[in-house]
Structure formats: C-alpha cells, structure tokens
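Visitor: Protein chains in written order, with my numbering: chain A, 1 to 593; chain B, 594 to 852.
Keep in mind the hints are simulated off the structure, nothing from the lab.
Check each hint, because a few of them may be wrong.
Stated by the list, open to error - Examples of chain A residues lying across from chain B (beta carbon under 10 Å, computed):
1) GLU41
2) PHE53
3) SER57
4) GLN83
5) TYR85
6) ASP299
7) LEU566
8) ARG567
9) PRO570
In this text, a Cβ means the ideal position worked out from N, Cα and C, and glycines have one as well.
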Amino acid sequence: MTDMQTMAPRASEPAAPPAGGAFVVRAAEPGEVFTPERLDETQLAIRDAVREFVARSVEPRRGDVEARDYATHRALLRELGEQGYLGVDVPEQYGGAGLDKVTSLLVSEGLAEAGSLAVTYGAHVGIGTLPLVFFGTEAQRRRWLPGLADGSIVAAYALTEPGAGSDAQGIRARADLSSDGTHYLLNGSKQFITNAGFADLFTVYAKVGGEQMTAFLVPRDTPGLTVEAEEHKLGVRGSSTCALTLADARVPAENVLGEVGRGHIVAFNVLNVGRFKLAAGCLGGMRPAIDRAIAYAADRRLFGRRLLDFPLTAERIARMAERTYAVESVTYRSAGLIDGRLAGAHGDAEQARAALEEYAIECSIAKVLASDGLNEVVDDLLQLMGGYGYVEDGGAAAMYRDARIHQIWEGTNEVNRLLVPGMLLRRAMRGRLDLLGPAKRAGDALLSPEAPIEDGTPLDEELRQVRAMRTALLVAAGIAVQRYGDRLEDEQEVLYRLADLAIALFAAESAVLRARASGDGLQANLARLVVLSSIAAVERGTAEVAGRVQEGDERRMTLAGLRRVLRRDPIDGVALRRAVAAALIERGGYRGV
Amino acid sequence: MRIVVLLKAVPVVGNEKLVDGWRVDRSAGLEANGNDEYVLEAGLKLVEQHGGELVTLTMGPTPAMEAIRKALAMGAARAVHVQDPVLAGSDTLATGLVLAAALRKMEYDLVLAGADTSDGQGGIVGAAVATRLGLPYLSYAAHIEPDPSAETIRVRRISAAGYDVIEAPMPAFVAGTQLLGEPRYPSLRGIMQARSKEIATWTLADVGVEASSVGSSAALTEVDSATPPPPRAGATIVREAPEIAAERIVEFLASRRLV
Numbered sequence: 001m002t003d004m005q006t007m008a009p010r011a012s013e014p015a016a017p018p019a020g021g022a023f024v025v026r027a028a029e030p031g032e033v034f035t036p037e038r039l040d041e042t043q044l045a046i047r048d049a050v051r052e053f054v055a056r057s058v059e060p061r062r063g064d065v066e067a068r069d070y071a072t073h074r075a076l077l078r079e080l081g082e083q084g085y086l087g088v089d090v091p092e093q094y095g096g097a098g099l100d101k102v103t104s105l106l107v108s109e110g111l112a113e114a115g116s117l118a119v120t121y122g123a124h125v126g127i128g129t130l131p132l133v134f135f136g137t138e139a140q141r142r143r144w145l146p147g148l149a150d151g152s153i154v155a156a157y158a159l160t161e162p163g164a165g166s167d168a169q170g171i172r173a174r175a176d177l178s179s180d181g182t183h184y185l186l187n188g189s190k191q192f193i194t195n196a197g198f199a200d201l202f203t204v205y206a207k208v209g210g211e212q213m214t215a216f217l218v219p220r221d222t223p224g225l226t227v228e229a230e231e232h233k234l235g236v237r238g239s240s241t242c243a244l245t246l247a248d249a250r251v252p253a254e255n256v257l258g259e260v261g262r263g264h265i266v267a268f269n270v271l272n273v274g275r276f277k278l279a280a281g282c283l284g285g286m287r288p289a290i291d292r293a294i295a296y297a298a299d300r301r302l303f304g305r306r307l308l309d310f311p312l313t314a315e316r317i318a319r320m321a322e323r324t325y326a327v328e329s330v331t332y333r334s335a336g337l338i339d340g341r342l343a344g345a346h347g348d349a350e351q352a353r354a355a356l357e358e359y360a361i362e363c364s365i366a367k368v369l370a371s372d373g374l375n376e377v378v379d380d381l382l383q384l385m386g387g388y389g390y391v392e393d394g395g396a397a398a399m400y401r402d403a404r405i406h407q408i409w410e411g412t413n414e415v416n417r418l419l420v421p422g423m424l425l426r427r428a429m430r431g432r433l434d435l436l437g438p439a440k441r442a443g444d445a446l447l448s449p450e451a452p453i454e455d456g457t458p459l460d461e462e463l464r465q466v467r468a469m470r471t472a473l474l475v476a477a478g479i480a481v482q483r484y485g486d487r488l489e490d491e492q493e494v495l496y497r498l499a500d501l502a503i504a505l506f507a508a509e510s511a512v513l514r515a516r517a518s519g520d521g522l523q524a525n526l527a528r529l530v531v532l533s534s535i536a537a538v539e540r541g542t543a544e545v546a547g548r549v550q551e552g553d554e555r556r557m558t559l560a561g562l563r564r565v566l567r568r569d570p571i572d573g574v575a576l577r578r579a580v581a582a583a584l585i586e587r588g589g590y591r592g593v
Numbered sequence: 594m595r596i597v598v599l600l601k602a603v604p605v606v607g608n609e610k611l612v613d614g615w616r617v618d619r620s621a622g623l624e625a626n627g628n629d630e631y632v633l634e635a636g637l638k639l640v641e642q643h644g645g646e647l648v649t650l651t652m653g654p655t656p657a658m659e660a661i662r663k664a665l666a667m668g669a670a671r672a673v674h675v676q677d678p679v680l681a682g683s684d685t686l687a688t689g690l691v692l693a694a695a696l697r698k699m700e701y702d703l704v705l706a707g708a709d710t711s712d713g714q715g716g717i718v719g720a721a722v723a724t725r726l727g728l729p730y731l732s733y734a735a736h737i738e739p740d741p742s743a744e745t746i747r748v749r750r751i752s753a754a755g756y757d758v759i760e761a762p763m764p765a766f767v768a769g770t771q772l773l774g775e776p777r778y779p780s781l782r783g784i785m786q787a788r789s790k791e792i793a794t795w796t797l798a799d800v801g802v803e804a805s806s807v808g809s810s811a812a813l814t815e816v817d818s819a820t821p822p823p824p825r826a827g828a829t830i831v832r833e834a835p836e837i838a839a840e841r842i843v844e845f846l847a848s849r850r851l852v
C-alpha cells in the first residue's frame, strides 16, 4: 500500500496540485480552481490579439476559407505561424513559444470564430504537431518542429481507418521492415484525415509485422502514399478531409515516432491534448452564439414586441449561458490543473505529456461537456431564429452543422464517457487514487445527510449540494463495483451514467467555486443554474444505476438514502433564468461576464 | 533613425465618464489614442525600412500602462512613461511643457504624434512641444518619407486642392492622421517579446519640471461645463440578402437626398 500513501493527494499540502480525478473523492480547495478571472495581463493581451487576427486576417478571406481554397488555408496558417500562434505548445528550442496551457486554451478558443480555419489550425497544432513534441527524437524535432511552428510545414494525423475509428487498436495498416533494416513498407488505408488535401507531413499509425502498433512520420512526397478525393461533409466544409492509401509506401526507419510497438502510447497521450483543445474550441463557439441570439432577438419584432422581451426567449438565453458557464468553468479549471502540474516548466515535452496523462479524466470530461454544450447552444440559436436560423444566410445554419463533428472526433462522446469511470477505477486499482475509502464513507453518509454549511457566504447551499452530488456519485460507483466487479466493463449503460454523474459533479463544483471567487452576482446566478441542472441529472442518474444494480429492500434503502442526501429546498428557477437573461442583455452579451 | 512617438492613453470612445462634472475619468479602461496608433504604425514602418529604434513617450496615470504594453507588443523597442500624481488635471499647456522636458532627455531624429486625441481634441499639444523644442512642425501628415542621407523629412498632407508636400530638416516633429494607414495589431510573438522590453517610469522631478507648473491649479484654461454626448438614435439595420440589402440602402440614402 505504499503506492497509495505516496500518490494519494494530501490535504495538508494545498500547494501540491491535486491528482487527476481527485474531484470525485474530495472537495477542491478554492485556490485550486483556475478561472478566467485569474488571467494575467499577457494572457488577456493574447486573447485580444487572437480576436484581432480573426477580424482582420480571416474575416476578409472567409469566403475562400469556407470554399476550401487550399492556398488560403496554407497562407493563413503561415500568417498564424509568423505571429507565433502555431508554436504555443512547441518548446522554444524548436522555434516555438513553449507557453502555458491556459494560453493554449485562449488561442484555440479565440480561433473558434475562424470557421473552418479553426479545424485546419486545430488539426495542425494539436494532433498534427504534438506527437513530435512529445515523442520525437532530438533529430526528428530539429528537422520538423521549426517548420511546423512557423507554418511552412502543415501536419495531419492519420489514425482512423475505414474499419477502425474509436477502436484504435484495431487498425489494419501494416508496416514491414526491409531486410536491410533501412526502411519500412507501409500498406493500408486511412480514413477521414483532416488537412490531408494539403498537409506536408502525416503521423501515420500502422502495425509492424501486423502486430506492433507504431507511429510513423510520413512526408507527403513519400512514394506509395496517395491522398484521395475530398469528402463531402455535413459541416466544417471549408476544412480538408481525405482518405489516404498506402501501397508499399517507403518510410525510412528513422521516421519511427516513439518506439516500435508503443504507438498506442503516442496516440492516447496526443488525444488527451486534442480533447482539451477541442473543448476550448467548442467554448469559443458558444459565446458568439449567445451574443448572436441576443442581437437577433433585440432586432426581431413580433406581436409588436421585441423577441428579446418574451420570457421564453429570456429562458432560452439563460439556458445557453448556463451551459456556456459550465463549459468555461470546467475548461479553464482543467487548463489550470495541467499548468499546476507543469509548475512553470513549460516547454518540457515529457512533463507536458505526464501532466496531460494525469488529467486525462478531466480532458475527457471537458471534451464531452463542451461538445454537447456547443451543440445544445447552436440548436437553441437556430430555434430562436426560426426560419432565419434554417436558411444559410442567417449564419446559424453553418454553426449548427459545424458543431456536430465535435461530438464525434477525438474519441466519440460515448468512448470518452466510458473512459471516465474506466480510468477512475483503474487508478483506484493501481493505488493512484483512493476511491474505496471515500466510497465506503459515502455509503455510511447515506444514513446521515450532509449538514448544511450555512456559513453565510454566497452559494453556501450550492456548495452543500455539490458535496451531496459527490456522495451520490460515490454511492452509485460503489454499488456498481460491488455488484459487477470486473464485469462492470460490460455494463456500458451503467458506466455511461457514472460518467454523466462525474461530469455533472465536476461542472457544478467548478461553477460554484468560480462564482464564489468572482463575487459577481450574475456568475452566482449562473452557478445556481448549473447546480440546479446538475443535481437533477445526478438524481436521475443515480436512480437508474441503483435500479440496475440492486434489487428489493437493498435498492429501496439506497434510493431512500440518495433522496435524503440530495434533498434540498425548492427554488424559483424561472426567476433565476429571467435575472440571468436580464443581466446578460444589460451587459450586451456573454463576453461581458 | 531614432523615432519617438507621443502616445496618449484615452478612454475607449463611447465609454467616456466624467469626474467632478468636468474631468475625464482616467482611472480605468484606457486604450491608445487612435491617431497615435496611426503614427506608431508609420514610425514602425520607417524603422523597418531605414533601421533605428522607435521609443514611445507617454504622460498619464497607471492605467495608461495597457496602451504602452500594446505599443511595445506592436514593435516599439522601449517606452518612457512620465507619471506623477501632481500631473492630474494638467491642461494642454502643461502637457506640452512636460512632454518637451522629457524629450530633452531623449535622443531622436523624428518625433511623431497623432493630429489630435479622441478625448480632449485640442490638437495643439504637438505644436506646443515642437515650438518649445524649436523643431520644424509638419502637421496633418498623410504620408511620411525621410531622406536619411540628406537628413530631411518630407510629408504629404491632404489639402483642399489635392495635397501639399512639405519638407524640413531633421530632427523634426510630425503630426499625423489616419491617412497614414491601418495600424498593425500585436501578434502573440510581439506580446511575448514585449514582456522583456523596458518601460522607464519618470517622475516630474526626473524631467525637471516644477510641480507648480502642472496640474489643475496651474491650468490656464478652465472647463466651464461638460456634458456627455446624447445617446444615438436607433439605427436601421438591413438584414436582407446582399442584392436586396444594397437596394434598401440606396433607397434609404435617396430618401434623404444623399445620393
């Protein structure tokens, strides 16, 4: 048990960053939660600069970007490189800036408004560049990273195959070492490869000898590599998506990225960052949707009144803001966690990789919450705009189509949900996270509900409810593990619900702690709304889990206990949403938060 | 070429607030004066073409720092910030006195300033500084072209009949307008580089000006009253498709006899 003693988070040392997934077992200290209100001057300046870039460099060329003009995408990437944006996550010695993950988030968030260019950018700096940052040899990094950071080389990532997407280990592309050991011959096909139409460098996964999953750096001009035709997509139509065919593609042995047979390590770690950046990008799409909704509703009149003055409009705007606030609080908190683990050693690839692995659970949560949230928000915008939302000229239709992909790539939201309880349980088994003790205490707590905190501070009741949600989640996880043990893996519906409980808990706690730190009335109301939705989800989810895993009196007792733990005084949610909408309208949109 | 750009931090246009009923509130939310950014851009281009160094000079309170940092991020090599509590309430005369005193401690071939500022709109500080320093004053510049070998500067300015070309020996003072061209915006790289650039803070004593010559008590001009502009009347927003929208706009302008 020495592992558990050394790895478990110690409350006596608030300076040490919490372990990944620790939010499930213990309440966060307020100082642990990074919020947008804590951005420093440099970060704020970078946020403004990204917006300027979109307004002045992208906006005039938006038509060409969305028409999938390769030259425009390349030129804008080059411009982004010259201005330093492609090197945010690249260490300084390889031509990057080696900046913190909060800044990385700000850039991805700001570029979300660049439409399909955001996809080109995201694929290039995320899954395109990071494999080299984290796993490249010194020679590989020196050869490729400066070009990737300045935009003269465009990157793409080729993992998915016609028969293997979420099931990454099931790829069939194979690599065979030549008899003289100088090169590999790659054979197979890759599907849905973003940037493929104009990328110069592909990170291609194939199995050496048909068995050992391995990553390869494959330049575009490699003989035997063919880039197929562009796909016709539902959304992000300006981005390039093609299949690749590898027919005896000859790749030098020194282009193996990482170790032979360890390609899955490359793939999974890179996806952690991909998910985190994707959450930032989704967040960047949510705020403009709210602003657009307010602007439209202020202008549109029916029955002699502004659409904005109808209570149902206000309710919709409040709901959009509630989702956005939850996503924003979670995404910034996750960025802060990673930065805390990096502890100023930005640019060190190995440390960055380890920090991202530590918070893989949080990255998956942020990805799911943000992509679901974005889709809800753009759906709300479209509905609010009615026919104007449905026609292309209104602007909402493109946002609606473009949002959908985020629930699919970087691991579908189903895969990411299954990963959350999966990783938690694995960490518990390996002694990285003490889940058993808290789960047992939660079981005991079912008999005695959380005492009200009532210390008179704002949101003290919501803080109590967050603790109650944690107890409920631990109870649900506890009874599920007790019942199924190793067979829990087959109970996907239960795992899915446990993931949703964890997501609701993380969102609610992040929102409440942020609102408390801000001292802002609008934020307090937004946090109340997040808690209101989250606790309702927890009630539903835990009841379903108990309904599945227990029977008879045992089940009745658990459900009664859960009801007691989650009990709270009713509040007027309608009034709360009206107040939130009024405050947003007064501030001229979500940006003012 | 050594260039000094006079950079003033002003309230964001449209967000101006008054304190004591007349004084512009400069306690927060300041940004670089628009015209100053145009001359900054022109200055940065000159340094890129001819070499040298561009330094900004600002007189203003602590919140002016954001505008200074932005100028550094855009490419200024360093900044001088004259900051002193007794400067609050200074009129254009005192401002010219202080800026001229600061410039005497600096080296330059060219001093650039915006034609006027969006808060005070006096448009006379530049002329006052040039006069105190005995520099040729070239105003309303729309284009600036130095001849470093001949040590002269030539500016073009729009006139009623076309444009005038004015030439003067350097060092000289040029006041410019937005016709100089759109200012660049800071890049991430520029912002990161700006963090290690020097911002020298000078007090009134550092520039050798008496406290009795500045501030509201020394002001020779007095503001009798000030009122915020009336809110704008409701705008007409045209949301139709481009072809129809164009027709609507033409109709609108025609109905007011503007086309």
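Visitor: Does each hint hold? Answer for all of them.
Guide: Consistency of the hints with the structure:
With a cut of 10 Å, the hint placing GLU41 of chain A at the interface with chain B holds, because the nearest CB-to-CB distance is about 7 Å. The beta carbon of PHE53 of chain A is positioned within 10 Å of a beta carbon in chain B (closest approach about 7 Å), and the interface hint is therefore held. With 10 Å as the threshold, the beta carbon of SER57 of chain A comes within range of chain B, its nearest partner Cβ sitting at about 9 Å, so the hint holds. Hint status for GLN83 of chain A relative to chain B: holds, with the closest Cβ pair at about 3 Å, below 10 Å.
A distance limit of 10 Å between C-beta atoms decides the matter here; for TYR85 of chain A the minimum to chain B is near 5 Å, and the interface restraint holds. Taking 10 Å as the C-beta contact cut-off toward chain B, the hint placing ASP299 of chain A at the interface holds, the least distance being around 6 Å. Below 10 Å, beta-carbon pairs count as interface contacts, and LEU566 of chain A has none with chain B, the closest being about 44 Å; its hint is therefore violated. Hint status for ARG567 of chain A: violated, given a least beta-carbon distance of 45 Å to chain B, over 10 Å.
Because the closest C-beta pair between PRO570 of chain A and chain B is about 41 Å apart, greater than 10 Å, the hint is violated.
Of the numbered hints listed earlier, those contradicted by the structure are 7, 8 and 9.
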